[in-house]
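With the hints as extra help, turn the sequences into a complete structure.
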Amino acid sequence: MTVATDLDDEQFKAELIELIPHLRAFARSLCGNAAQADDLAQDAMLKAWKARESYEPGTNLKAWSFTILRNLFYSEKRRSWRSQPLDPEVAEATLVANDNPDAAIELLALRNALSKLPDDQREALILVGAGGLTYDEVAEICGCAIGTIKSRVSRARKTLLELVDENSTGFNSDPDLQASDTLEEIMAEAHALSGGARGSG
Amino acid sequence: MSNQSPNSPEDQGGRRQRTKRLGDQLRRIYDSVANEGAPDDFLQLLDQADQKRGAGGKDTGMSGRRNDPSGEE
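Chains as they are written, first to last, in the working numbering: chain A, 1 to 201; chain B, 1001 to 1073.
Don't read these hints as lab results, they were simulated from the structure. What you are looking at is a predicted structure, and each value in this text was computed from that prediction instead of being measured. In this text, a Cβ means the ideal position worked out from N, Cα and C, and glycines have one as well. Be careful, since some hints might not be right.
[As the list claims (entries may be wrong)] Stretch by stretch, here's where chain B covers chain A in the computed footprint (C-beta under 8 Å, at least three residues):
id : stretch
1  : 59-72
2  : 101-110
3  : 117-130
4  : 133-146
5  : 149-163
In structure tokens form, the structure reads like this:
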């Protein structure tokens, strides 16, 4: 009897470990700040572990654990974390990880635009567009209808494309015109970083 | 704002391409975190919680404590 439970627990633990990278990625998309995101992902992981007996083996553990993470995010003060501008560390990492400065700047513009989306739109877009979840699963995670998720995703895409457009035109022609303050700061940093490696573009 | 007309076929094609590009970039952002794997502190926290299970409430015997599916050394 205890042996069976033990096996179940081991199985659950192994599957939960597989999901840790996804919990972190989802948390990062919600919080922006890397340290706070990991904090949230850890809490979600532990909460999922504690609640393992309420999980039905064979059902979707990813959707189940994402629901826990999301509830934690919205139920606590973490919601206000989003209001901060793009984490400079994240910005720096983006720049360092990209050999191609243009691609890096494009990604930064996108990250910046993402941080301006309403929470519900951002999470829907990330989960569907990057997290590999179906509309069905995302509807379950967010506790709303599939149609609602579809419309959030489509609005998010539209807004992002507009924001990215604004930002990139701002850069290429006159940075003072349209780039947001945050992005200007990041660009200053980008300039400093790339200045070390090669001449300014 | 700019000189684009939203209904022209050219614009629609361009939009589709940009939407695809957007999807690629979103995946890159997500994967840049997901590809980092499971950090040690996560695994340690989970192991700690797991050991509480062995030591505390349920009697699962001693063998449970040795099992470490995480592959962590």
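To see whether the hints hold, each was checked on the structure:
Residues of the stretch 59-72 of chain A with a Cβ under 8 Å from some Cβ of chain B number 0, which does not satisfy the need for three, so the listed coverage is violated. Figure legend: the stretch 101-110 of chain A, annotated as covered by chain B; annotation consistent (3 residues with Cβ-Cβ distances under 8 Å, at least 3 required). Look at the stretch 117-130 of chain A against chain B: 4 of its residues bring a Cβ nearer than 8 Å to a Cβ of that chain, three or more, so the hint holds. Restraint check on the stretch 133-146 of chain A versus chain B: 0 residues with Cβ-Cβ distances below 8 Å, three needed, restraint violated.
Residues of the stretch 149-163 of chain A with a Cβ under 8 Å from some Cβ of chain B number 3, which satisfies the need for three, so the listed coverage holds.
Of the numbered hints listed earlier, those contradicted by the structure are 1, 4.
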